[in-house]
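A.B. asks: Given the sequences, and given the hints that come with them, work out the whole structure.
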Amino acid sequence: MAPAALVAALVLAAGAATAAQGDAARGEQIYARCAACHALAYDRVGPRHCGLIGRRAGAVAGFPYSPAMKASGIVWNVGTLDRFLAAPLRVVPGTTMTYAGVPEARERADLIAYLVRAGRSPAECGSGQ
Amino acid sequence: MSSFLAIADPQAARRLFLARSGLALSGAAVALLAGRDALAAKSGATRADDVRILNTALGAELEAIAAYQLGAESGLLQKPALGLALQFQGHHKEHADLLAKTVRQLGGKAVSAKSKYGFPVHTLKTQADVLRFAAKLEQGAVSAYLGAVPLFGNRDLSKAAASILGDEAMHWAILRNALGEDPVPIAFVS
Numbered sequence: 000m001a002p003a004a005l006v007a008a009l010v011l012a013a014g015a016a017t018a019a020q021g022d023a024a025r026g027e028q029i030y031a032r033c034a035a036c037h038a039l040a041y042d043r044v045g046p047r048h049c050g051l052i053g054r055r056a057g058a059v060a061g062f063p064y065s066p067a068m069k070a071s072g073i074v075w076n077v078g079t080l081d082r083f084l085a086a087p088l089r090v091v092p093g094t095t096m097t098y099a100g101v102p103e104a105r106e107r108a109d110l111i112a113y114l115v116r117a118g119r120s121p122a123e124c125g126s127g128q
Numbered sequence: 000m001s002s003f004l005a006i007a008d009p010q011a012a013r014r015l016f017l018a019r020s021g022l023a024l025s026g027a028a029v030a031l032l033a034g035r036d037a038l039a040a041k042s043g044a045t046r047a048d049d050v051r052i053l054n055t056a057l058g059a060e061l062e063a064i065a066a067y068q069l070g071a072e073s074g075l076l077q078k079p080a081l082g083l084a085l086q087f088q089g090h091h092k093e094h095a096d097l098l099a100k101t102v103r104q105l106g107g108k109a110v111s112a113k114s115k116y117g118f119p120v121h122t123l124k125t126q127a128d129v130l131r132f133a134a135k136l137e138q139g140a141v142s143a144y145l146g147a148v149p150l151f152g153n154r155d156l157s158k159a160a161a162s163i164l165g166d167e168a169m170h171w172a173i174l175r176n177a178l179g180e181d182p183v184p185i186a187f188v189s
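Sequences listed follow chains G and U, in order.
For the first sequence, counting from 1, position 100 maps to 99 in numbering that gives the first Met the number 0; every step adds exactly one.
For the second sequence, counting from 1, position 173 maps to 172 in numbering that gives the first Met the number 0; every step adds exactly one.
All clues given are correct.
Stretches of chain U that chain G covers, calculated by requiring three or more beta carbons in the stretch to come under 8 Å of a beta carbon on chain G: (1) 53-61; (2) 134-140; (3) 143-155.
Just so you know, these hints were derived from the structure itself, not from any lab.
Remember, it's a predicted structure, so these values are computed and weren't measured experimentally.
Positions of the beta carbon are idealized from the N, C-alpha and C atoms, including for glycine.
C.D. replies: See the structure below:
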């Protein structure tokens with residue numbers, strides 16, 4: 000690849016990384032805030048997060064979701080998670096995730112990067128869910 | 000933390016600020032929760048919202064009680080760690096009792112403990128594993144209450160949540176200390 004094209008490719012890649020990805024290592028620290036209610040691999044007060052990306056909201060079998068979450072029509076991806084986690088009760092009024100949210104965009108990006116990475120990790124989430 | 004105003008809603012930020020400035024609570028102040036009149040003054044919608052917040056917190060407290068039970072029965076905890084676990088479990092029982100009572104006073108139905116919790120038992124092999132597991136739950140509980148404080152329609156409930164938050168922050172610090180970690184690593188919890 001010509002040097003100029005290489006630079007352009009790197010710049011594009013870096014741009015995509017900041018827009019969509021955040022820092023998963025920092026996100027793991029932020030995930031500690033969710034640890035009263037969530038785990039990656041098993042249901043607690045809140046549902047498991049393995050398998051989250053691409054899943055319909057309210058879709059973990061056997062988990063007692065609120066009617067509001069089940070009816071929300073959300074599919075979880077980087078964008079919908081970013082909106083929901085900023086203010087869960089504003090995005091899904093009536094949700095039982097009664098948590099004010101993660102107001103800082105940078106922290107949300109890191110947190111979501113962690114959720115994406117963990118979801119792909121065989122050690123954290125196995126091969127399926 | 001950058002600012003109290005990082006919280007999107009200014010009213011919520013103000014409530015958070017007020018809750019922070021009123022952290023020194025006596026048991027009697029928390030018992031004020033039981034004052035039916037103040038609670039009854041709130042509208043039905045607010046009351047239902049508050050019940051939802053209380054029930055989510057109650058569910059987490061019931062799980063914490065079960066987690067400490069698992070720890071106590073694991074045979075992995077020696078004195079004095081075993082004593083701490085039982086003492087902290089006792090606090091969680093008191094929190095759960097108060098939350099359940101408040102839910103009922105607000106006309107709601109208190110959630111009950113699950114028949115089975117999916118704790119990652121296979122990862123708990125030493126006393127330190129159990130303490131680290133408990134510390135994580137307590138840290139999470141502090142964050143969860145912090146995230147509930149600004150949501151209540153009734154400020155007395157925010158105050159009660161802040162009071163519980165303070166207790167759980169003490170548990171977290173003591174558990175970190177028992178693990179040989181800096182007990183109070185930060186100036187603000189988040």
